[in-house]
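There are 2 protein chains.
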Amino acid sequence: MSPATPSALHHLDNLGSASGYVEEIYEVVGALTLFDQFTVAECVELCKHMDCYAAATHAPILREGDEGDFLIIVLTGSVLVSKAGPASVAQEITRVGPGGVLGEMSWVDGQTRFASCVANQPTDFAVLSRHSLNQLMLAQPQLANKILLLVLQLVTARLRDTTARLLPPWESDLI
Amino acid sequence: MSPATPSALHHLDNLGSASGYVEEIYEVVGALTLFDQFTVAECVELCKHMDCYAAATHAPILREGDEGDFLIIVLTGSVLVSKAGPASVAQEITRVGPGGVLGEMSWVDGQTRFASCVANQPTDFAVLSRHSLNQLMLAQPQLANKILLLVLQLVTARLRDTTARLLPPWESDLI
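Chains as they are written, first to last, in our numbering: chain A, 4 to 178; chain B, 4 to 178.
There's no promise every hint is true.
Sample of chain B residues with no beta-carbon within 12 Å of chain A, all distances over it, derived [said to hold, decoys possible]:
| # | residue |
| --- | --- |
| 1 | Val-25 |
| 2 | Val-99 |
| 3 | Gly-102 |
| 4 | Lys-149 |
Restraint ranges, calculated between C-beta atoms of paired labels, are given here [said to hold, decoys possible]:
| # | chain 1 | residue 1 | chain 2 | residue 2 | range |
| --- | --- | --- | --- | --- | --- |
| 5 | B | Ala-142 | A | Leu-169 | 45 to 51 Å |
| 6 | A | Val-25 | B | Val-25 | 40 to 46 Å |
| 7 | A | Gln-40 | B | Ala-59 | 31 to 37 Å |
Stretch-level coverage of chain A by chain B, calculated; a stretch enters the list once three of its residues show a Cβ under 8 Å from a Cβ in chain B [what the hints assert, rightly or not]:
| # | region |
| --- | --- |
| 8 | 11-23 |
| 9 | 44-55 |
Hints in this document: simulated from the structure, not taken from any laboratory. Computed from a prediction, not measured in an experiment: that's the story for all the values here. Backbone N, C-alpha and C define an ideal beta-carbon position, used for all residues, glycine too.
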């Protein structure tokens, strides 16, 4: 069963079920190193719960301040992440390429989007909603464990990196 | 079956299974708001996989740079979190009281401890090892889902907070 399209993505080209992109998605979820690896069969299951989308260059994907309950996995292309600065001019924070995950903070905590994401070149991505996670937790809890561990590793890596950037200069030199 | 004592905690007073502290621990895990709540029965199960410890004032709990594969849940008291500065003088980062979780970054990613934690007053805490998580994932995957979601919410809250502190002044004023 293909998941419903989030309304925030109605302006983009829906490529259909992620089942057609198992190989690309397996490259991302196979990055889980500390715990049991994802099997290809598990990735096939996960893909049944995701749709893929295509965004043209400059198309908005996530918008700062919006509600949002899905995360995206970048498959091809590049996404520019920015926050609004003075006079609403976008200030670039980072760029994310294939294998990157975005939108996971709102997916986890239900708060509004922290930053905006715009396709920097033609970009395909997969969408995993909180609703799909809830379905997986009920029907395939061991697969849900692996997805949660993967996202937890990603968020933890960002937290280590961000915290290190906050340290005084003597520490920044060491990292 | 009570979990083995991590060698890094051998200097502290082992209070035995967390099954004697279900009420205190339920207060912490009950904070999970976005997803299905923990039941008391699930908290009882979780407690079977944790031990509790007592640390006297000034006793070290986690040491920056150490290996470590467990997280702790502070039940009573207060923990001072610091990093070594110039001439190895500890620079305080924050203090964490009852309900706080510490050590979750190494628990997730297997890297060394980012900061040191010392009891700031007599402090009791529960310990959840990665080994116990792995056991729960195998035997009780739906309970493991809830534990992972809880930790994911905690790490995400820290990431939002830390990222906001990195923003230029015009943004910091808004948060």
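Original post:
Looking at Val-25/B again, its CB stays over 12 Å from all of chain A?
Top reply: Answer for Val-25/B: holds, closest chain A Cβ roughly 23 Å.
Subject >> Given coverage of the region 11-23 of chain A by chain B, checked by CB-CB distance under 8 Å (3 or more) >> reply: With 0 residues closer than 8 Å to chain B, the region 11-23 of chain A misses the three-residue bar; violated.
**OP:** Determine whether the non-interface label on Lys-149/B survives the test: each CB of chain A must be over 12 Å from its CB.
**Re:** violated (9 Å)
Subject >> Claimed clearance of chain A by Gly-102/B, with the beta carbon kept past 12 Å >> reply: For Gly-102/B, whose nearest Cβ neighbour in chain A is about 17 Å away, the distance exceeds 12 Å, so it holds.
**OP:** May I ask you to test the hint 31 to 37 Å on the CB atoms belonging to Gln-40/A and Ala-59/B?
**Re:** violated (42 Å)
Subject >> Distance restraint hint 45 to 51 Å, applied to the beta-carbon atoms of Ala-142/B and Leu-169/A >> reply: Given a distance of about 39 Å, which is not inside 45 to 51 Å, the answer is violated.
Subject >> Per-stretch coverage check for the region 44-55 of chain A, three Cβ contacts closer than 8 Å to chain B >> reply: That given contact is violated, which follows from only 0 residues of the region 44-55 of chain A lying within Cβ reach (below 8 Å) of chain B.
**OP:** Confirm or reject the claim that Val-25/A and Val-25/B have a C-beta distance inside 40 to 46 Å.
**Re:** 43 Å Cβ-Cβ, so the 40 to 46 Å window holds.
Original post:
Was Val-99/B rightly flagged as not at the interface, with every chain A Cβ beyond 12 Å?
Top reply: The claim holds: Val-99/B sits with its nearest Cβ about 15 Å from chain A, beyond 12 Å.
Hint compliance for this structure: hints 4, 5, 7, 8, 9 are broken, all remaining hints hold.
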